[in-house]
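Asks: First to last, the protein sequences are chains C and A. This note's numbering puts the first residue of the first sequence at 854, with every later residue one more than the last. This note's numbering puts the first residue of the second sequence at -15, with every later residue one more than the last.
Calculated from the structure, these hints are not laboratory results. A portion of the hints provided could be inaccurate.
Partial list, derived from the structure: chain C residues whose beta carbon lies under 7 Å from chain A [what the hints assert, rightly or not]:
#1 992
#2 995
#3 999
#4 1000
#5 1091
#6 1092
Remember, predicted model here, so these are calculated numbers, not experimental data. From the three backbone atoms N, C-alpha and C, an ideal C-beta is built for every residue, glycine too.
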Amino acid sequence: MFMSVTASLAEGFLMTLKIFGLTLLFALPLGLIISFGSMSKVRIIKWIVKAFVWIIRGTPLMLQLIIIYYGPGLAGEWAKAMPAEEFNAIILPLRYIVAWVSSWSVFDRFIAVMIAFTINYACYFSEIFRGGIEGIPKGQYEAGYVLGMKKSQVFFKIVLPQVIKRIIPPMSNEIITLVKDTSLARVIAVYEVIWSAQVYIKRGGLIWPLFYTGVFYLLFSGILTLLFGWIEKKLDYYHS
Amino acid sequence: MPILEAINIRKSFGKLEVLKGISLSIEPREVIAVIGPSGSGKSTFLRCLNKLETINDGTIKLDGEIIAENAVYPPEAQLRPVLKKMGMVFQQFNLFPHKSVLQNIIEAPVCVNNVPKNEAVETAKKLLSDVGLSEKINNYPCELSGGQQQRVAIARALAMNPEIMLFDEPTSALDPELTGEVLKVIKALAAKNMTMIIVTHEMSFAKEVADRVVFMDEGNIIANDTPDKIFSKDNETPRIQAFLRKFEG
Ligand SMILES: Nc1ncnc2c1ncn2[C@@H]1O[C@H](COP(=O)(O)OP(=O)(O)OP(=O)(O)O)[C@@H](O)[C@H]1O
Ligand SMILES: [Mg+2]
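Chain A with its partners taken away, still in its complex shape (with noise of 0.2 Å):
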């Protein structure tokens, strides 16, 4: 059963249709890459499935849960303990400037999931070794790199326990040196098998770490393959192939 299904995802900003009738679903321990030129709707898909935007037709369900059907959403107090079980990292890792790294990550299992502090301390103390910042633990954002933000930012989610990671352009901010560090935590979290849906402009990455490669064109999902069949050399589908065209020269 998936873990995660949107069937048939309209969203429109204004008379702009980005998402044209969009279904994905994601088996519990997959890892999907997203892919698709700019403008092609990866964000916007990202940002519905958990209510960042609000969808004008569709269903989306998490865990059986229902997040949207048919557009209609459940009332608030309903929807967010549905929607916290879904972790997420942004291109520009949103940190708050005014916490300490530790307190970034303490903040959401206190507050919302009420946590002991203790308990959520020894947490995220245990998260920020396994992203190897242990050592910048009562730093404030400004302090760290853009790679280490975006660490933090990885963990703070994790903090959550979720039961989906969705990452829009990880890396996308960062210096080209500083991307590895970034790649190689989410990789490492592939490797516990949580699971993901990641969109990159990474192929090499999406090749590597992805079960699934979805590619996206104008708001459409124009395939949705094994990485081997999307990047082989022989796809038929001449936009996938002008595409991926671009990132070998």
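In isolation and in its complexed conformation, chain C is listed as follows (with noise of 0.2 Å):
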């Protein structure tokens, strides 16, 4: 029974660990390319993307996979339900538009689950990106300038890496938080582990499968609490 439910199981755990790490890896540099737009010295793209972060920030992940996944097919109905007369000049290519986005939309849960997750996660690191970034002193890319080296060497030589010690404690809290979150996944459908192991409540009345889960979700977070520890360690080396 434990072997065949293990299997059962795996499909779903291979399905969480594939949301988190394709997230992790769309997130972190999305969000470090948000954070560069919150920085802006161009006021207009700078409270544009602030609008965007705060709006994401502000709503539910679970409101925004729903809303990425059904939103463009209902869009896309509306549109062809819009009555023929109206299609002047703006409406006409708008209907275009929303009809080609709603012809990949109907799409794959797994694309939409990997929109939400990484749209939602890059706002979050985009904001600790900004308070790592903003708390390097002037002086370090000065120094950096007045040595001759371009704005590219400067960030990613100097300012980067002391970026990344700074911002590993709320990193970790956030990766840790993630791990939890892609069991929201489910509610357009993607089979991650909960669900799989809910399946054995609705056939058998079986509610171990639910703590055998529960399990590999400590495990999870166990073992990056002890990379973060670690990694954490590593940078200790200096102090700023």
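Join the two chains into one complex using the hints; note that each chain is given alone, in its own frame.
Replies: Written as structure tokens, this is what we have:
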């Protein structure tokens, strides 16, 4: 019994791991880019990005998942349902755009999950990056410039390594939250691990597979806690 | 021919005009001390020379090459090779905390000048022994005293082989008992004929090391003369006399 449950949960485990890994892979660089936007000297960019981050951080990930999954399809329906005589110069191209979006939007549930998770986590990460970057003294940049370094060299060789050290603690919190948030994927029927376990309740009243997933989450976040602790220690060779 | 020429430099921060048309030229091997009251624009002037601040008017040339002409700067790619001939040492040292002493020194030679790493390390060792810190080569800045950090910062600037060194109050952030070791290093540089502009509040040091002393006040250079003349008891400029009197007591 244990073995067969393990086997059937394994698929859920894999999905959970996949959501977790890919979200990190996409959201970390995107978060860095968004943080640049929120620090932009161009005010419009800065305020648009800040508003976007505020909306994403201020609404539940579950809501975002649902909107991203169902939203384009519904918009497509709406576009199709529009009376033809209203198609003037503005509406017509709009209708095509909406139709185009909705055509790739009865989309793969998994892609919807990845888009929602990536955008959501990128926004959280961007705020952490921003805090880290703003905490680096101006003198560090200036010391780089007077040594002839380019802006990109100063950023990647001088600033970013120091930022990473500063943001490890908040990052580790956020990433451990991500482990648990992966379970939200089920709202659009992406079968992550809890879903797989719940099947056993429905089928035979078995509750322990659910605890099994609990142990999985504990192990997962436990390993991450250890990993971040280790990284923190590794970076402890200096303080600024 | 002067190595560095600044002509009629103007710089404002918003409505506040901090440099009001300053001109200064420096001959090779010359050591210039810049003194003056707080807020007179000494740091700003130095920072304008290497484009840490952009000027609003005026011309700056190094070795005849244009850094800014009538406040217009050449493209970045053209400017960078000129600017890196100027080394700068900051009041707050600004060492890279995540890099060891050695890494601090070889970073720019390797990444900017493409010097082979082993060569850069050799140079770094030599420079560290010049500033008396050979044994600290593998330490991190946080493990050094302020005076030691500043000496590393000097070595780091020298590793780029600059033609001129700019110092902005190199000892002002140090405990009094640590200023000596840094001033000694700067004096040794002067003895090796390094061209230098040094903003300082150490009057006796200025008197001893400088060929020329520039006195700034409210965004103007109001005196530019030999130390003997500037520090002489019968200097006629009342502003300078009033300023110097503060350092006697
Ligand atoms: N980035 C800046 N923005 C606005 N004002 C500035 C800026 N930097 C300097 N100032 C102002 O310019 C004036 C000259 O400053 P500066 O730092 O050049 O003086 P200083 O002669 O170096 O003084 P100190 O001896 O205290 O170092 C001051 O009034 C200062 O407040
Ligand atoms: Mg100053």
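Asks: Taking the hints in turn, state whether each one holds.
Replies: Against the structure, the hints come out as follows:
1. 992: Because about 4 Å separates residue 992/C from the closest Cβ in chain A, which is inside the 7 Å limit, the hint holds.
2. 995: holds (6 Å)
3. 999: holds (4 Å)
4. 1000: Status holds, d = 4 Å.
5. 1091: holds (4 Å)
6. 1092: holds (5 Å)
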